[in-house]
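S.K.: Fit chain B with the ligands to the known structure of chain A by using the hints.
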Amino acid sequence: MVFILIAMWLFFRWRVGDFYFSGESIAKLSRDMATWTILAAGMTLVIVSGNIDLSVGSLLALVVGTGAFLIAPEEGMGISAGWAILIALLLGALIGVYQGFLVSYFRIPAFIVTLAGMFIFRGLTQKVSAKDPRVPDDCCVNVLGFSYVPPLASWILGVISCVILASLFLYGYKRRKQLGLDAGKPVFVAGKILLPSLAILGFVYKVNQYRGIPAQTLVMLLVMILMYFIAKHTKFGRHVYAIGGNPEAARLSGINVEKTTILVFGFMGFLTGIAGLVWMAQNQGATQKAGEWYELYAIAACVIGGTSLMGGRGSVFGSLLGALVMATVIQGMDYTGLQNWMQLVVRGGVLAIAVGIDVATKNPAPWMKRLQRTLFKRNG
Amino acid sequence: MTEESAQTPILEARDIVMEFPGVRALDGVSFEVYPGEIHALVGENGAGKSTLIKILSGVYPSGSFKGGILFNEKPVRLFSTRDSEELGIAVIHQELALVKHITVGENIFLGNEICHYGIVDYDLMFSESEKIIAKLGVTLDVRSEVVNLGVGMQQLVEVAKAMRKQCRVLILDEPTAALAEHEVNILLDIVKELKAGGAAVIYISHKIEEVFQIADRITVLRDGKTVATDPAGSWNREKVVRAMVGRDLTDMFPVVEHTPGDVALEVRNLSMEDPEVPGRTLLQDISFSVHEGEILGIAGLMGAGRTELISCIFGIAPARWEGAIRIRGKEVVIRNPADAIKAGMALVPEDRKQKGLCLILSVLENLSMVHLDEFCTGGIVDAQGEIHSCQKAVGELGIKTPSLDTIAETLSGGNQQKMALGKWLLSAPKILFLDEPTRGIDVGAKAEIHRLIGELTAKGMAVVMVSSELPEILGASDRILVIREGRLTGEFSRSEATQEKIMEVAM
Ligand SMILES: Nc1ncnc2c1ncn2[C@@H]1O[C@H](COP(=O)(O)OP(=O)(O)OP(=O)(O)O)[C@@H](O)[C@H]1O
Ligand SMILES: [Mg+2]
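Order-wise, the sequence lines are chains A and B.
Under numbering that gives the first Met the number 0, residues 0 to 379 are what the first sequence spells out, in order.
Under numbering that gives the first Met the number 0, residues 0 to 506 are what the second sequence spells out, in order.
Isolated chain A (complex conformation) (with noise of 0.2 Å):
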């Protein structure tokens, strides 16, 4: 996936010149992925868990709506940002929860209890939206989409994170190493900790020098570590990856199958509720059309990322990377100038080019095998 990654930015870079790899363009990658990103985060959750939210890009328009049909003093109700907000999180959470009820109480599909949220949502989103309410330019939610960490701050961050990473993974290799079990060689270690410090350093050199790291990159990556922590570090999140894998034995073994549904798509509200959020502060206002295709952005990411349709399978590191692949292509192809219905056209092939690849590395069809071992016999 990473190859994937680094082959499109050489491409990019060679089509549109020294502006891709600038400061500017950085941010601005990482601003326009940051909000269907983090429903990625969410979404990696729900289809582990062996289920589906196609509702999100309509719910995430509906607190939008909501939230700046609230705050808007000319065309909503005026009442204070920080009522908005608490309601707006809480509207998206409420409304995940309920269909996570939905469909664990109800056994309605969640393919169709969130087919029919989409519907719903984005027609109350008409509603509320009508009038494209604005926010005021003085709203502090606006610090979500566009103020920036200082440089000098960016750097310190930049560094802890690294040393962090450092030491837990470190410490994880320590700890392995005394309890038997196999804790890879020491070369691999160090390239886990160089690769992604290496990334985190260069990201925050760039981005420094244009403005420092954006607000809501910032938002996106907490969100990216804390969902990355409850999947891999929680008991919930290892329920999760039960009822996924196999729902029956997981129920069997005591784990309350339906409350956990119910977190899932709590959780997948709620982070809608956030990207909704850094959306409104984004476009300082709501659109009837806030946040159309991000469902299926947040999808895409996952299953490029590795995440198995099937449940039981997934991280959310990889749903980071497979959000990367997807932005570098939106963006990409946006510097490039193409037409729009061109766009659409190589999004859909690079979502099934990548996930073509995934899948032939990991586990090829039988004359896929053939066909390795054909061209490796020839060239050894």
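Hints were generated in silico from the structure; no laboratory data involved.
Take the hints with a grain of salt, since some may be wrong.
[To be verified] Here are a few chain A residues that face chain B, going by a calculated C-beta distance under 8 Å: (1) His232; (2) Tyr240; (3) Ala241; (4) Lys368.
Each residue gets a CB set at the ideal place from its N, CA and C atoms; glycine is no exception.
M.R.: Quick look at chain B with the ligands alone, frame taken from chain A:
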């Protein structure tokens, strides 16, 4: 055998080496089978038996292993199961491979549907299926969905599927693990008949008596290598076990006199209606109790209601039921498995693939699934403690796995079963229900598991064990209940129980 040995082998494997990440499953195995011969393949869990037959049947395509396959002395390369089917090799795999939500008939003809110009002729297909099923000597509605059948019946459907075509080589991987006594006999008769018809049979089983009953030759595998191949006459039970395990195995069921303590679990007047046939009772008025430090065996035929009985107690009843459950004298209400676990119960279900394990998750995740709480503070998993106790469980149960991160699915069948048991033993439960606990487990491990259960019982655990293997019930239980058609028909203490007495009240 004399005229046959003059013949040439119909199927032969030469110097097969097969490696998976972290394990060498087969290490230079050669194996051959002649027409009209039953060749038994035995060995410990993880010895490589299933891997060998998967190679012989094209599941692992040519090229993924080293070595050669000869069919009628001609080298062949099998790339898929289709290739082997065309040669007339039929396989019944260890793990059931039926499609759950289509009918028995459709399963039997799966991939070979009877068609006219692409349109399936269901009538013909079902009547053909009925003929095949009738030949097996069982009654079974070929139009019912496979999910509705118990594991034993499903296994017979697999047999029917393999018998559909004229086969020249039939391979059976632990076909009787899930069958009841009389079903086993049906199957063995069918196999003998096929042999008389000139087919070659490769037969894998952990039931050594059964192997001696039908095998002409026996090959023992250990750790991916052939220990020996000899005519069945020159083997005996002890020799086989020694070759398998690498040491003498004196005592399968260590007879420990348990001293039962207080009543751990009491069931009163439990009745349940059949969820599919309203008005028919599946369980009727069952009352019994288990004491601390006692192993209670429940015997009966397949479908007698044994699994349903423990399902009710564990909170996963398929239908409404009446009756009372008391734990240490206190009446409890158990609505779901979580309640049951809180009350100190544990259940190792009979179908590990469907209910026991999450096969796509790792060994570690499976083992710690039930007792994750113990490694959690504030919902955050302490990986160290978790890994530590899972490692201990792997060691104690002798689960053969390259590492804790290995995906459960890639372990051999028997080792999966040990895992399904192990996940409950991480924290000692008070009352342990075992539904066919040693299905598919080799003799060595079986002795090991019974030793473990015995030990836990001695420490005060109450065990309720359902098993279709009478020797196991007789050997391990302190007390035996017999159930027939949902009714309690007998109770024996260890000293009075015999095979005949039990069968008499069970049939
Ligand atoms: N797909 C796989 N990937 C990795 N390892 C595997 C895979 N299949 C089997 N193995 C390993 O190969 C070894 C042999 O397994 P195999 O299933 O052949 O054993 P077996 O003799 O059939 O045992 P059992 O009696 O328990 O069924 C085991 O150690 C198992 O873990
Ligand atoms: Mg096997």
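S.K.: Run every hint past the structure and note whether it holds.
M.R.: Quick rundown of the hints versus the structure:
{"no.": "1", "hint": "His232", "in the structure": "holds, 5 Å"}
{"no.": "2", "hint": "Tyr240", "in the structure": "holds, 6 Å"}
{"no.": "3", "hint": "Ala241", "in the structure": "holds, 6 Å"}
{"no.": "4", "hint": "Lys368", "in the structure": "holds, 7 Å"}
This entry satisfies every hint, going by the numbered hints stated previously.
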